[in-house]
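Visitor: Build out the structure end to end from the sequences listed, making use of the hints.
Number of protein chains: 2
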Amino acid sequence: MLNNEMMKHLKIKNPIIQAPMAGGITTSNLVAEVSNNGGLGMIGAGYHTPIQSREQIREIKQLTSNPFGINLFVPNEFNVTPEAVQSANQLLHTIRKQLNLEQTDSFDIPEHNKIFESFIEQVNVVIEENVSICSFTFGIPPKEVMDKLKQHNITLIGTATTVREAVENEKAGMDMVVIQGSEAGGHRGNFIDGHQESLVGLMSLIPQVVDNVSIPVIAAGGIMDGRGLMASLFLGAQGVQMGTAFLTCIESGAHKVHKEAIFNAGEDQTTFTRAFSGKWARGIKNKFIADMLEHEMVVPDFPIQNLLTQVIRKTCSGQNNQDFMSLWVGQSPRLAKSQTVEILIKNTLAEAENINKQSFSPK
Amino acid sequence: MLNNEMMKHLKIKNPIIQAPMAGGITTSNLVAEVSNNGGLGMIGAGYHTPIQSREQIREIKQLTSNPFGINLFVPNEFNVTPEAVQSANQLLHTIRKQLNLEQTDSFDIPEHNKIFESFIEQVNVVIEENVSICSFTFGIPPKEVMDKLKQHNITLIGTATTVREAVENEKAGMDMVVIQGSEAGGHRGNFIDGHQESLVGLMSLIPQVVDNVSIPVIAAGGIMDGRGLMASLFLGAQGVQMGTAFLTCIESGAHKVHKEAIFNAGEDQTTFTRAFSGKWARGIKNKFIADMLEHEMVVPDFPIQNLLTQVIRKTCSGQNNQDFMSLWVGQSPRLAKSQTVEILIKNTLAEAENINKQSFSPK
Numbered sequence: 004m005l006n007n008e009m010m011k012h013l014k015i016k017n018p019i020i021q022a023p024m025a026g027g028i029t030t031s032n033l034v035a036e037v038s039n040n041g042g043l044g045m046i047g048a049g050y051h052t053p054i055q056s057r058e059q060i061r062e063i064k065q066l067t068s069n070p071f072g073i074n075l076f077v078p079n080e081f082n083v084t085p086e087a088v089q090s091a092n093q094l095l096h097t098i099r100k101q102l103n104l105e106q107t108d109s110f111d112i113p114e115h116n117k118i119f120e121s122f123i124e125q126v127n128v129v130i131e132e133n134v135s136i137c138s139f140t141f142g143i144p145p146k147e148v149m150d151k152l153k154q155h156n157i158t159l160i161g162t163a164t165t166v167r168e169a170v171e172n173e174k175a176g177m178d179m180v181v182i183q184g185s186e187a188g189g190h191r192g193n194f195i196d197g198h199q200e201s202l203v204g205l206m207s208l209i210p211q212v213v214d215n216v217s218i219p220v221i222a223a224g225g226i227m228d229g230r231g232l233m234a235s236l237f238l239g240a241q242g243v244q245m246g247t248a249f250l251t252c253i254e255s256g257a258h259k260v261h262k263e264a265i266f267n268a269g270e271d272q273t274t275f276t277r278a279f280s281g282k283w284a285r286g287i288k289n290k291f292i293a294d295m296l297e298h299e300m301v302v303p304d305f306p307i308q309n310l311l312t313q314v315i316r317k318t319c320s321g322q323n324n325q326d327f328m329s330l331w332v333g334q335s336p337r338l339a340k341s342q343t344v345e346i347l348i349k350n351t352l353a354e355a356e357n358i359n360k361q362s363f364s365p366k
Numbered sequence: 004m005l006n007n008e009m010m011k012h013l014k015i016k017n018p019i020i021q022a023p024m025a026g027g028i029t030t031s032n033l034v035a036e037v038s039n040n041g042g043l044g045m046i047g048a049g050y051h052t053p054i055q056s057r058e059q060i061r062e063i064k065q066l067t068s069n070p071f072g073i074n075l076f077v078p079n080e081f082n083v084t085p086e087a088v089q090s091a092n093q094l095l096h097t098i099r100k101q102l103n104l105e106q107t108d109s110f111d112i113p114e115h116n117k118i119f120e121s122f123i124e125q126v127n128v129v130i131e132e133n134v135s136i137c138s139f140t141f142g143i144p145p146k147e148v149m150d151k152l153k154q155h156n157i158t159l160i161g162t163a164t165t166v167r168e169a170v171e172n173e174k175a176g177m178d179m180v181v182i183q184g185s186e187a188g189g190h191r192g193n194f195i196d197g198h199q200e201s202l203v204g205l206m207s208l209i210p211q212v213v214d215n216v217s218i219p220v221i222a223a224g225g226i227m228d229g230r231g232l233m234a235s236l237f238l239g240a241q242g243v244q245m246g247t248a249f250l251t252c253i254e255s256g257a258h259k260v261h262k263e264a265i266f267n268a269g270e271d272q273t274t275f276t277r278a279f280s281g282k283w284a285r286g287i288k289n290k291f292i293a294d295m296l297e298h299e300m301v302v303p304d305f306p307i308q309n310l311l312t313q314v315i316r317k318t319c320s321g322q323n324n325q326d327f328m329s330l331w332v333g334q335s336p337r338l339a340k341s342q343t344v345e346i347l348i349k350n351t352l353a354e355a356e357n358i359n360k361q362s363f364s365p366k
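First to last, the sequence lines map onto chains A and B.
Here my numbering is used: the first residue of the first sequence is 4, the next is one more, and so on.
Here my numbering is used: the first residue of the second sequence is 4, the next is one more, and so on.
Keep in mind that the hints were calculated from the coordinates and are not lab data.
Given the structure is predicted, the values throughout are model-derived calculations rather than measurements.
Cβ atoms here follow ideal geometry from the backbone N, Cα and C, with glycine treated the same way.
Where hints are given, some of them may not hold.
Below, computed lysine to any residue pairings styled on SDA-like, alpha-carbon distance capped at 25 Å [unchecked claim]: (1) A:LYS288 / B:GLU171; (2) B:LYS340 / B:HIS258; (3) A:LYS288 / B:GLN106; (4) A:LYS11 / A:LYS262; (5) A:LYS262 / B:ASN6; (6) A:LYS360 / B:ASN6; (7) A:LYS262 / A:ASN309.
Covered stretches of chain A, as calculated for chain B (at least 3 residues, CB under 8 Å) [claimed, not checked]: (8) 158-171; (9) 298-312.
So these bits of chain B aren't anywhere near chain A, every CB distance computed over 10 Å [said to hold, decoys possible]: (10) GLY26; (11) SER135; (12) VAL203; (13) GLU270; (14) ASP271; (15) ARG337.
Guide: Below, the structure written as C-alpha cells:
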C-alpha cells in the first residue's frame, strides 16, 4: 500500500496528478473525473479571468467531493517596445491572409501591473472558494502571496526544471514541487535557468532533485502509463503529473484535431517553439512552427506574442485546421489513447501493480 | 533472480553494460573489471587503429575470462571542400595562439574509402581475436559486414536514438539495441533522425521503443545508480549502459581534469556542441564551446573537425587545462563518484535490490 507524504498531504488515493493544461483542456468534467478516480484533478487557470476560475471551481464542486487543485501562471515582467510588437504583428500578416482574417495594426500592449492585479484576484478567488491545493508555473509568487495562501492552509505546489529551481521552490515555502523533465509538452516552467540549460531528462532530473530537496517531488514529462509511474517512483518521486495522457481522454476539452494529431505523431515529431506565445513550449511540428522558424527568436516575450497569435489560433480551431494551432504534446505521443479518465487511471495503476509484482532483483 | 534474454545472450550476471567511451577512457583495466564484476566491459575502439584494438583485446583477455565487447564507429560519408577545411582551420588560429601552438595551414583530408577500409580491418580483428560481442555507433554496417560477423556467432548490438532507428537496427539483424536518451553524454548516435528530432528523454524513449521492436533494448543516458537501473527495467529495458558513472571510476583512463570537472558540475551545466568533432555531443560548457558557439554550424562534418581540433585537445590535456578539452558527460553529473568499478557495480545492484523490496503498489 503506497501512502507517501505527498498523497497524505493532498488527501488522494493514487499518486497521479492531472497536469493543469491551460486553454480549455481541463474541463470541469476532466478535473472532477480525475479526483473521483482517486487522483488529483487540476484546473489550468493560466488564461482564466478570476470570474472564470470562480465559476469553474463551483462547477467542479458539484461534480466531486474529493480534493482538486488549481494552477496559476506567475506573471513575469516583459520588455517590449511598440515597434517590436508592430514588427511581430507584421510577421503574422501572411498567415492572416491565408485564413482570410482582417489585418490589425493596432495592438494595446497590456501592462504588467494589470496582469499582476488579475493574478492577485485569482489568488483571492482560490482562497474565497476554499480550493485546498494551488500550484504555480513560471516562477514563485512574492512572499506576501505565499504567506497569505499559507495562512489559509492551502497546499502550495511549485514548478521547477532544474535542481536549483527546485531548491528555490523549497526555500520559498512550497509544500511540494513538480519537476518538469525535458520530455514534457506545452510551456516550459524554467524561471531561473535558461531554456537550453533547463532541458533535463527525467532519468537524470528526478534523482538529482530528490537528493537536494526535502519536500516531496512530483515528476512530469512523458509519463503515460504504469511503466512511467513506477519508474518515476523508483527514481525517487512521490507522484507523477501526467499531461498528454489526460489531454487525449474523452473528458478533455482539447480540440479533436489536436487529439488526432497526437495519435498520428511519433516521438521524433515534436519540437520546441516560442513562436506561438513568446515562451518556449513543446508541440507537434506544423506549418506555423515551420513558417515562423526564422523569426522565433525575435518575437516578443510571453504573454505579448500569445495575444498576437490568439485570433489565428482560434480561427484555425473553428476551421479544424491544424496548420496554425498550437498542438502541445510531450515526447510520448505513441502511448496516447482515446479513453475515459477512469480507464486511464485504472489501467495505469493495474500496470504499475503488475510490474511491481515481478521480481527485478538483479542479483 | 533477474535472468532476461539480454543477460542470457551476453552471458553476464548483471544487466549493466559499461558504455564504450572512445578516446582512452576504456582502459583494459576498466573493461576487465566491469566484466570481472559480472557486467559487460566494452572497448571504445572508435578512434583505434586495428593494431591498437588487437593489442587491447589481447591485454583484456589476460585480465578477465568473462565476456567483454568492443564498439566500432560506422564510418559516415562526409562532404568537405579544401576551402571549408581551411576556413574551419582558421577559426582555430586564436586558440592555437593562446596555447603557443604552431599554426598549420596544410591539412590532408582523409578519404572516406580509407576510413572504411580501416573499419573493415577492425571488423576482421574482432573476428580473428574471437571477441564475442560487437556494438556499433553512428549507423548500421553494410549487410556483408553484418553477415560476416553473424557467421562467426558474434553478438551484434546497434545504437538508436528514436523508434525508427531502433526498428532499422532490428531489421538489419542486430541482436539487441542500445537506445540513447537525450540525457546521454558524448556523441549522439542518431543516424536517420536529425539532431533535434533525436533528443528524446528515456522516460519517453524506452516504452515507445520496446512497444515497437522485439529484440532486447538496453537503455543509455543519465543512468548512474540503482534508481536509474530499476527505472529503466520497469520502463521495459532489459539492461542499462552506463557511461559517466564508469568514466569517473578509478580504473577509467579519463583525464583527472575531466573527472574533476564532472564532480564540480550541475545537471544544468552541460550542452550540445559540434565544435569539437563535427558531430553533436554533450559535454560540460567550457571556453572552447563558448568561443566556437557562433561557428558551430559551419565546422566540417565528423571526423574532419575532430582531426582539426586533435592537437588542441591533446595539448590541453598535457597542460591540465580544461578550457579546450572535450569534457563529455551525461545529464547526471551530481551523481558521479570517485570509486572503483567493483564498488560502483556492487552499490548499484544493492540499491536496485533494496528499492525493489519496497512495496510501491499504488493501490
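Visitor: Against this structure, judge whether each hint is valid.
Guide: For each hint, the structure was consulted:
1. A:LYS288 / B:GLU171: 23 Å, holds
2. B:LYS340 / B:HIS258: 15 Å, holds
3. A:LYS288 / B:GLN106: With a Cα-Cα distance of about 45 Å, the restraint between A:LYS288 and B:GLN106 is violated, given a limit of 25 Å.
4. A:LYS11 / A:LYS262: 33 Å, violated
5. A:LYS262 / B:ASN6: It is violated: about 40 Å lies between the C-alpha atoms, which goes past 25 Å.
6. A:LYS360 / B:ASN6: 16 Å, holds
7. A:LYS262 / A:ASN309: 21 Å, holds
8. 158-171: holds (count 3)
9. 298-312: Coverage by chain B is violated here, the residue count being 0 at a Cβ distance below 8 Å.
10. GLY26: About 23 Å separates B:GLY26 from the closest Cβ of chain A, which puts it past 10 Å; holds.
11. SER135: Non-interface label on B:SER135 holds, nearest chain A Cβ at 21 Å vs cutoff 10 Å.
12. VAL203: 5 Å, violated
13. GLU270: The claim breaks: B:GLU270 does not keep its Cβ more than 10 Å from every Cβ of chain A (closest is about 5 Å).
14. ASP271: 4 Å, violated
15. ARG337: Contrary to the label, B:ARG337 does not stay out of reach of chain A, its closest Cβ about 5 Å off (not over 10 Å).
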